[in-house]
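Fit chains B and C to the supplied structure of chain A, relying on the hints for placement.
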Amino acid sequence: MLTLGELARQLGAELVGDPDQPVDGLGTIQSATDSQLTFLANPRYRSFLEQTRAAAVLIPESQREFCPVPALIVKDPYLSFAQASAFFETAPVATPGVHPSAVVDPQARIADSASIGPNAVVDAGVTVGEGAVIMANSVVGAGSVIGDQCKIWPNVTIYHGVTLGPRTIIHGNCVIGGDGFGFAFNGGGWTKLHQVGGVVIGADVEIGAGTTVDRGAIEDTVIGDGVILDNQIQVAHNVVIGNHTAIAGKAGIAGSAKIGAYCLIGGAAGIAGHIEVCDKVQILAMSLVSSSIKEPGTYGSALPVDTQSRYRRNVARFRNLDDLARRVRKLERSSD
Amino acid sequence: MLTLGELARQLGAELVGDPDQPVDGLGTIQSATDSQLTFLANPRYRSFLEQTRAAAVLIPESQREFCPVPALIVKDPYLSFAQASAFFETAPVATPGVHPSAVVDPQARIADSASIGPNAVVDAGVTVGEGAVIMANSVVGAGSVIGDQCKIWPNVTIYHGVTLGPRTIIHGNCVIGGDGFGFAFNGGGWTKLHQVGGVVIGADVEIGAGTTVDRGAIEDTVIGDGVILDNQIQVAHNVVIGNHTAIAGKAGIAGSAKIGAYCLIGGAAGIAGHIEVCDKVQILAMSLVSSSIKEPGTYGSALPVDTQSRYRRNVARFRNLDDLARRVRKLERSSD
Amino acid sequence: MLTLGELARQLGAELVGDPDQPVDGLGTIQSATDSQLTFLANPRYRSFLEQTRAAAVLIPESQREFCPVPALIVKDPYLSFAQASAFFETAPVATPGVHPSAVVDPQARIADSASIGPNAVVDAGVTVGEGAVIMANSVVGAGSVIGDQCKIWPNVTIYHGVTLGPRTIIHGNCVIGGDGFGFAFNGGGWTKLHQVGGVVIGADVEIGAGTTVDRGAIEDTVIGDGVILDNQIQVAHNVVIGNHTAIAGKAGIAGSAKIGAYCLIGGAAGIAGHIEVCDKVQILAMSLVSSSIKEPGTYGSALPVDTQSRYRRNVARFRNLDDLARRVRKLERSSD
Chain A
594 MLTLGELARQ LGAELVGDPD QPVDGLGTIQ SATDSQLTFL ANPRYRSFLE
644 QTRAAAVLIP ESQREFCPVP ALIVKDPYLS FAQASAFFET APVATPGVHP
694 SAVVDPQARI ADSASIGPNA VVDAGVTVGE GAVIMANSVV GAGSVIGDQC
744 KIWPNVTIYH GVTLGPRTII HGNCVIGGDG FGFAFNGGGW TKLHQVGGVV
794 IGADVEIGAG TTVDRGAIED TVIGDGVILD NQIQVAHNVV IGNHTAIAGK
844 AGIAGSAKIG AYCLIGGAAG IAGHIEVCDK VQILAMSLVS SSIKEPGTYG
894 SALPVDTQSR YRRNVARFRN LDDLARRVRK LERSSD
Chain B
594 MLTLGELARQ LGAELVGDPD QPVDGLGTIQ SATDSQLTFL ANPRYRSFLE
644 QTRAAAVLIP ESQREFCPVP ALIVKDPYLS FAQASAFFET APVATPGVHP
694 SAVVDPQARI ADSASIGPNA VVDAGVTVGE GAVIMANSVV GAGSVIGDQC
744 KIWPNVTIYH GVTLGPRTII HGNCVIGGDG FGFAFNGGGW TKLHQVGGVV
794 IGADVEIGAG TTVDRGAIED TVIGDGVILD NQIQVAHNVV IGNHTAIAGK
844 AGIAGSAKIG AYCLIGGAAG IAGHIEVCDK VQILAMSLVS SSIKEPGTYG
894 SALPVDTQSR YRRNVARFRN LDDLARRVRK LERSSD
Chain C
594 MLTLGELARQ LGAELVGDPD QPVDGLGTIQ SATDSQLTFL ANPRYRSFLE
644 QTRAAAVLIP ESQREFCPVP ALIVKDPYLS FAQASAFFET APVATPGVHP
694 SAVVDPQARI ADSASIGPNA VVDAGVTVGE GAVIMANSVV GAGSVIGDQC
744 KIWPNVTIYH GVTLGPRTII HGNCVIGGDG FGFAFNGGGW TKLHQVGGVV
794 IGADVEIGAG TTVDRGAIED TVIGDGVILD NQIQVAHNVV IGNHTAIAGK
844 AGIAGSAKIG AYCLIGGAAG IAGHIEVCDK VQILAMSLVS SSIKEPGTYG
894 SALPVDTQSR YRRNVARFRN LDDLARRVRK LERSSD
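Here the protein sequences line up with chains A, B and C, keeping their order.
Take 594 as the starting number for the first sequence in our numbering and just add one per residue.
Take 594 as the starting number for the second sequence in our numbering and just add one per residue.
Take 594 as the starting number for the third sequence in our numbering and just add one per residue.
Hints were generated in silico from the structure; no laboratory data involved.
Certain hints may be false.
Because identical chains share one entry, a pair is satisfied inside a single copy or across any pair of copies.
Restricting the straight-line Cα-Cα distance to at most 30 Å, the calculated cross-link-like pairs of lysine-lysine (DSSO-like) are [as the list claims (entries may be wrong)]:
#: 1; residue 1: LYS668; residue 2: LYS873
#: 2; residue 1: LYS785; residue 2: LYS744
#: 3; residue 1: LYS923; residue 2: LYS873
#: 4; residue 1: LYS887; residue 2: LYS851
Predicted, not measured: the structure shown is a model, and the values here were computed from it.
In isolation and in its complexed conformation, chain A is listed as follows (with noise of 0.2 Å):
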């Protein structure tokens, strides 16, 4: 079991307090037991540290002085905690080597130390890596490659010709390469443009359950290192998503659309087909991007909810908006 002389010495923290004390577990500050680690980002739950009985708390040197119990001493408590929070990972650990129900064609490579789970799928001329994992009932299509130590949850589909960077982690349902929207319209319905390209996904990504980004219309859909997605967000073809990009739950980026890096996409918000935005841009949630984004900064455009009788009066007006808005210039002319 972990002590607190061994989670100060990963963390780089300054431990006030006895360095052999067991630590099995994380708590939030009100409820952190006397065996569980917590944290205090914020000062203004100073309170809720005044009161605390768990076995310690990552805090800044500023807090110091109000805290009751164990302290770990260091400059940002919560990215502390996250570090921290890996000792306490309650995910089972795969076993290496392929489960006898899994179907692994003779012509795809796994490394030894890779595990193949239950039931999983995986196709001729794939590759995976050293450490990678593949949950059961997971399906990885022709020659794809899964970088070392990754993580494939339960029931993701992996079509042929993707490639993901090592540590890169798929959550469960995702489906990573399947055809992009893209077909012609040939007068009496669609004529379907087959989808050719693939997905490149750099290192260290994380995507979230249920999303799916779709392969290339010709050349790649490409997703930087770093970048977390998270649940059910669609990424479209041809889309390119630079490094360390952070994008919220139920986003949609539509075909060919490059965003930069660094940025943070809030949840819902849509990003239109064939436009740019830069490199750390802001958008809220449930906004709408329809042309492209130059300058770094915050981006909004959805309306919070208001009681229904002045959301009804509210919208009503804004069908008449721009006449509005022309009866306004009257007036001021006639005032002139």
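Same frame as chain A, but now just chains B and C:
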């Protein structure tokens, strides 16, 4: 085969007609055949009632005289129809037992009356209750608890540490217990906060296809008894949803939001993180709730469509709405 | 390998160049190699045409003189490119037959030329047509009909009582035929209306990854011939979608809505329940259609992003828009 007499008894209805008449299915009031049951909930559709050829119609007392076929007189015809629908369910009944192709860890406890379908995977320490059904290709992670009479449709992913109360239904391709979207910025990129909380889902919950419910960061994500969730909803980590709340398709609930009981959340609505919505709140479709709601009632924010030309003109005016308001203020001052 | 002469013949194009020149793939006009086919649809990109190194370019007659490499002269280059793309599809071809790991009920009828992939599950009474492909880990429920030449990608869930017309494609992790969201309030909670309708999907339909199509409550949900649906769309119970309508990613269609033929529904748009949208309507991205549309044309409602400061000011003004309009009316009256 069910008779009208037996149906009347089961529903506590007064039967006007032959108790021995058989009923073998459900129909709409316009197309029900003479062996199908239908209902009239809205008196505005009385003309359909007068022309129906159904085996019987569930009607309120007030419509008795207008029914040309056998009638089942009830207080709430739609509710009685829902109750009756259970007798005509078309889904096949699962056979108890573990299918030979399923992979069940020897450390899992499966009730004798439970059914584990083809190619399903059940990990160590899982408990599957009496009469529970886990259908084809679904996966249940270590230590999770599937309550009595639960029904898990195919290709569902349940992670480790998830608890489902009795009679809960999870539709196809849901993901329950995937990691919440928790990361700390480390200056150059994102450090994962390992999500060590679980998910606790109550009794009699129904979750639609493709919905994702994330595990808690530290404590659990909680869904109360009798909650009904439609398809493709995202429930983020540490969300709490009160009993009997109904949420329509594609809604998104961000992290640590707390939704009360008996709420009705419209389709594709978004609830921001760390806010509270009190009991008995109705949110209209596609609305954004960005701050707490403390009064029961109905709230909305989405603009409805207009023709493209009016839409474009009004949107252009919206960009200058603050300026317009200032100009009106100025006119008011000058007219004082 | 395909030659330019053969391509010209297949596409009905006039070839300007060597008919024996081989072509082995597709490229963009900027990056195509000398063995790849490309196209120029938009004359604005003529400078790319003048610099291309492609094996051949599909161009309209008007661009003939500007093409430095072999040309295939066609009326609609993008449509011809889509037709040509079928020759360069990179997806592996499925092998006919039932994989030994698949679980196929003896009561299912599988055509000899059909392919049932590893760990797929096919229930009793299912019909799988000639040349149809059901890929790894997909599940087809009792009595469903998979038409000739259909292609079901991995981890798809098709419930009981679903019919797919010929040549229909269902991408990874779709759910077809899950229960619609039908419940009656019983005073204390929700009584399920068992969904006994099915789903009928026409010929030549394509459905993107992660899309869900619910079964009907009583009658069927219906998707017409040649409809194309992108990823993560929600189609609720008893929706009817007319032939050749195209719907972009993340759109949601609520229960019993009826969409006409040849409509174009934008990404993340929402269509309310029980309304009708006539033929040839275009809905812009993220718009809300809350009442029926009876005239063909283009409609929209979503506000595009603005900088945070302007956005916040305008949103604050929107809350008082009705009041602003009243104040303008008052000014008008006083200026009369």
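query = Given identical chains, is LYS668 near LYS873, meaning Cα to Cα at most 30 Å, within a copy, between copies, both, or neither?
reply = Within one copy only: 24 Å inside, 43 Å across.
key: Within, between, both or neither: LYS923, LYS873 at alpha-carbon 30 Å   = Answer is neither; intra-copy 42 Å and inter-copy 38 Å both fail.
query = How do LYS785 and LYS744 come out at 30 Å by Cα distance, when the copy is not named: within, between, both, or neither?
reply = between (33 Å within a copy, 14 Å between copies)
inquiry  = If the cut is 30 Å between Cα atoms, do LYS887 and LYS851 qualify within a copy, between copies, both or neither?
reply    = The answer is within: 12 Å in one copy meets 30 Å, while 37 Å across copies does not.
Going through the hint list in order, the structure does not satisfy hint 3, though it satisfies all others.
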